[in-house]
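Novice: What follows is the residue order along each chain.
Protein chains: 4
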Amino acid sequence: MIIILDETVTEEQIKHVADKVAQLGLQTSISRGTYRTVIGVIGDETKLQSAPLAAIPGVAEVLPVMPAYKLASKQAHPKPTIIEVGPVKIGGGHLAMIAGPCAVESPERMESIAKSVRAAGANIFRGGAFKPRTSPYSFQGLGEEGLKILRDVGARHGMPVVTEVVDPRHVDLVCEYADMIQLGARNMQNFVLLTEVGRTNKPVLMKRGMSATVQDFLMSAEYIMAQGNSNVVLCERGVKGFDPATRNTFDVALVPQIHKLSHLPIIVDPSHATGRPELIPACALAGVAAGADGVHIEVHDKPEEAMSDGPQALLPQQYAELMDQIRKVAAAVGKQIG
Amino acid sequence: MIIILDETVTEEQIKHVADKVAQLGLQTSISRGTYRTVIGVIGDETKLQSAPLAAIPGVAEVLPVMPAYKLASKQAHPKPTIIEVGPVKIGGGHLAMIAGPCAVESPERMESIAKSVRAAGANIFRGGAFKPRTSPYSFQGLGEEGLKILRDVGARHGMPVVTEVVDPRHVDLVCEYADMIQLGARNMQNFVLLTEVGRTNKPVLMKRGMSATVQDFLMSAEYIMAQGNSNVVLCERGVKGFDPATRNTFDVALVPQIHKLSHLPIIVDPSHATGRPELIPACALAGVAAGADGVHIEVHDKPEEAMSDGPQALLPQQYAELMDQIRKVAAAVGKQIG
Amino acid sequence: MIIILDETVTEEQIKHVADKVAQLGLQTSISRGTYRTVIGVIGDETKLQSAPLAAIPGVAEVLPVMPAYKLASKQAHPKPTIIEVGPVKIGGGHLAMIAGPCAVESPERMESIAKSVRAAGANIFRGGAFKPRTSPYSFQGLGEEGLKILRDVGARHGMPVVTEVVDPRHVDLVCEYADMIQLGARNMQNFVLLTEVGRTNKPVLMKRGMSATVQDFLMSAEYIMAQGNSNVVLCERGVKGFDPATRNTFDVALVPQIHKLSHLPIIVDPSHATGRPELIPACALAGVAAGADGVHIEVHDKPEEAMSDGPQALLPQQYAELMDQIRKVAAAVGKQIG
Amino acid sequence: MIIILDETVTEEQIKHVADKVAQLGLQTSISRGTYRTVIGVIGDETKLQSAPLAAIPGVAEVLPVMPAYKLASKQAHPKPTIIEVGPVKIGGGHLAMIAGPCAVESPERMESIAKSVRAAGANIFRGGAFKPRTSPYSFQGLGEEGLKILRDVGARHGMPVVTEVVDPRHVDLVCEYADMIQLGARNMQNFVLLTEVGRTNKPVLMKRGMSATVQDFLMSAEYIMAQGNSNVVLCERGVKGFDPATRNTFDVALVPQIHKLSHLPIIVDPSHATGRPELIPACALAGVAAGADGVHIEVHDKPEEAMSDGPQALLPQQYAELMDQIRKVAAAVGKQIG
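Sequence order for the protein chains is A, B, C and D.
Heads up: the first sequence begins at 1 in UniProt numbering, then just goes up one per residue.
Heads up: the second sequence begins at 1 in UniProt numbering, then just goes up one per residue.
Heads up: the third sequence begins at 1 in UniProt numbering, then just goes up one per residue.
Heads up: the fourth sequence begins at 1 in UniProt numbering, then just goes up one per residue.
A hint or two may mislead.
Copies of one chain are not kept apart here, so a pair can be met inside one copy or by any two copies together.
Here are the computed lysine-lysine pairs in the PhoX-like style, where the Cα-Cα straight-line distance is at most 25 Å [what the hints assert, rightly or not]:
| id | residue 1 | residue 2 |
| --- | --- | --- |
| 1 | Lys15 | Lys302 |
| 2 | Lys79 | Lys335 |
| 3 | Lys302 | Lys260 |
| 4 | Lys302 | Lys20 |
| 5 | Lys70 | Lys47 |
| 6 | Lys15 | Lys47 |
| 7 | Lys47 | Lys302 |
No lab work stands behind these hints, which were simulated from the structure alone.
With the hints as extra help, turn the sequences into a complete structure.
Specialist: Dropping the structure here:
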């Protein structure tokens, strides 16, 4: 940690800061520059976590040198982690191909979508039974009935299933049916929910919050891991941008950033990142080329009857064509599906 | 609602869209322009809420004409709503002056802060007992013990109290002690929590999410109101911006926007919006001048020992000076405190 | 300057960095932390301006301690600068009230607008003769003819005039007619134009770029000042945001930030910041309450016939009412107009 | 164009708007909804370009249905345009591989960089002779001397050259030496410069502004094309984002957006988009997979001695390795270099 002092700092103030650091069992190294004095802190930075040094008079800025996450960091685990969801591997060269409708709908609809995405090469089936909708008047999902449909259809087609949990009181219920639990973008900093999910040992698919920095994102993974659950797969799904032409801005550079900072796998979700079907294929391929460990795509065979997010779904035929292209780009960067 | 069709739309597709709208019991008016055809939908738009018209082939864009919120809208209630928190009025010319430390700390510390902010003119006392921290290793709050301290100290100084709830399972507990419940920025789209809070009749202080549009914000208010709780006070606390020089960007224009669209009161929180004490007074005054119905400020008498967010707190003396200025600006725009 | 080294840095690399710094005539102070080594640089940082230390292997990050601007900084000139535009003072407690149409139009139209804004209390008259339009097919301004009209009408009503320059080849021409030169947001980093304007001694009104940080903004002021022209007035006019509900996000916190970092005056332009007349008055008052040194407002008496930006203009009557409120808020914060 | 009226609009106001439209020689179609009335405008929208309908009382919003650019649109030219820069083709399946240092430096340095990037497969050589630096105290480029060095070194290695122009007075000079002219991000809305460049027939490489929407970007291309120069290659180089971890946010989805809206080629510049060498290869591959028509990379063989932007340059060896990967991904998506 580096403590930059005000230009007008007094000797007394410098001493006060240094004493404060010493009380916490850390050493200091003071550099007196021509314009500014800087205090380097030597030792275990985590001891300073709760010490508001920046509030001390004379302190201009406090710069951490170590990231605040540990379990999620590459330092803790230099090799890429491979997460297993049923028979599917994610990370370390293995790609998850997650597909399915936004919301779980009727068994017949789910059956027909599952069949087509499986044939195209998807290896994990998705569908929401509890939907976090921005309007209280929109369809909120089928609940437990939806979980059953999802599990049964997935099983029939040999695909493990992933579904979102939105309520800490439902975590056990969702774990009964799902092979992987999804945490939505709007819940990325719902620390109560992160903590409950961390107490299970289910693989977790955590979407990036709409304005989360890479540090925020890894801190949320740390929350889950600090409870004992290390099976976290990250997912870039677009961040807020200034151009209303797309729903969000697809931040593909997050993929190499996460691979540099963390051992956790990261996949991409171009469906939510762009919100427009005609942009999804290009962004899916971009994600794979950038090193993503999987692709999450919403697919629906009757988008105009979809109960949620129909306008952004790919048709089964479009998904199958995209999967052909994904296979080629994956081969070009030395990855395999599953 | 206006449905803009693709340039290449066929007559068959136009008929298909119009039929779909008619099935929902609405009328259409088709304008065939030189380059584009546009369908106006006549009738109650809410019938279209779950119809993904944008997914129909030939449809380029669907533009709603009515906002998706109703209870929160000015149409529903043209006069400004005045919310009462104990003896304090918020809205319609009455200003809430909410002050206190970020987290509830020891009874002695709370006592001393309460005394000073009360003397300066604060009328609602704040403090967090359940803290949503970005790090799992940071202080998470004193829990129920903190709620007791807050209530007792507030009562002793004649101030109703506001405190944050982060867990849907704690809503009843928090309601027992608090006069007003706070929903934090990170939970603005935690729809499970919004729904639970909507089932109480406590006044709610809802902070704006870090990247919530004005429409998102009012939709979250609608969630609470749709459950029966109309006592919602909105709070602008800064949105994500591109300049790391401030923690967030203080979006003061939200104040007149909310006043134009909604009858709900809106206050400002310059402490979180800027994250820097030297910018707080100017932004507080800006908020009042822009018509805000109150100001939320973090105050601590020993910031360097604060258990959370010390570096952004004002000192009691700074708060007292700011309150003097606020009184002058409030008078200039015809508002009174409380 | 602080140089943070990689965790895996070698002794040889540390030595190489330190030698590089020494070659430039500066001293180093090395702190070896438990996890990271940090080099503090002692001496005149500007010597490092062109040395890409961050490119040296083993260097993780280079953090400047001093801002890169000097002439614009408060260190260079601790007291607020007061800029004089004809008889009008800007800064140090004096407010500029700049008003007029977006583009210079006919002499009759200009006459009528000037008369009304002068009566309302405006002290500087504005209008664009060279318009930087986003479409090549839009009205580009009246050119020199517009400059003449502006000057003559301003003179008749006792107001100095400000107008935009967009071409470095027109700087002399514009200086002949105008009392103050405006640099538009899109030209804030047009360094060629900044340099030309810096060679004159005309007061300059520089608008903030749409995504300029406070540091970027002051660096652009430095460009002008480095050429010898210190008469720079800054103007906040909104930055790009994620909510399409307003044209831009009005960043009122920039006002106290500039006052903390620089001696230059800063005014606000709520017309461009919001793009919506119903939000302009609240934002204008917010700016004055936050300490702005003036307000820039577009006024037109026939907005539906305006040749540019009509929809965001205030009507003369609305401007007069706003001026009444501005006078009250200005008095509350101890400022006077002009 | 669609004109949405206020809920409180009067019949008189509706008539006034319709008359205004009729005066311009266009027809209207009025839809009276339950809550809102909407006027569809039929005919050539460009006639409305300068009519500020939104300023008419009773008008809530004016929505254009056609984009404001024409020459740049796909409607004008449905097939992808192929731009030729010397022997190099850009667009329609042909990839430009532009490489070189940020600034032109000594002939020896340029010689050595050119040799290595040519061997790796680059087909256009870059280097800045006029540098738009954010600090007036930084190196501003070698000027005409730099242009000569660039041209000679490029010629010796069989590569056409691209270099930036920043001053409208230098356009002819730069055209004498360069095969392609670059317009920098900060000048994307420098309409004076766009106009001058549009008067030449040189191929233009136009970088996207830091906060330009896709519509803004294409409007700037339209500026150049409206003067007669249709040889415009667009370049995505990152937009402003909220996470200081990268210099900018690489908006890869712009590539399929441009291909949908325009016939112009678009390349990507991951060097400026990320500002960090370790993220450049992944983003370059992402761009190619997304369908970009080329990649622009800064390469320097002695980054720590670079006169500009050294820290973000790739080393020649890194560039050669990246080119090997680019060739594989390009083959996977059916593209060829040059």
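Novice: Which numbered hints are broken by the structure, listed smallest first?
Specialist: Violated hints: none; all satisfied.
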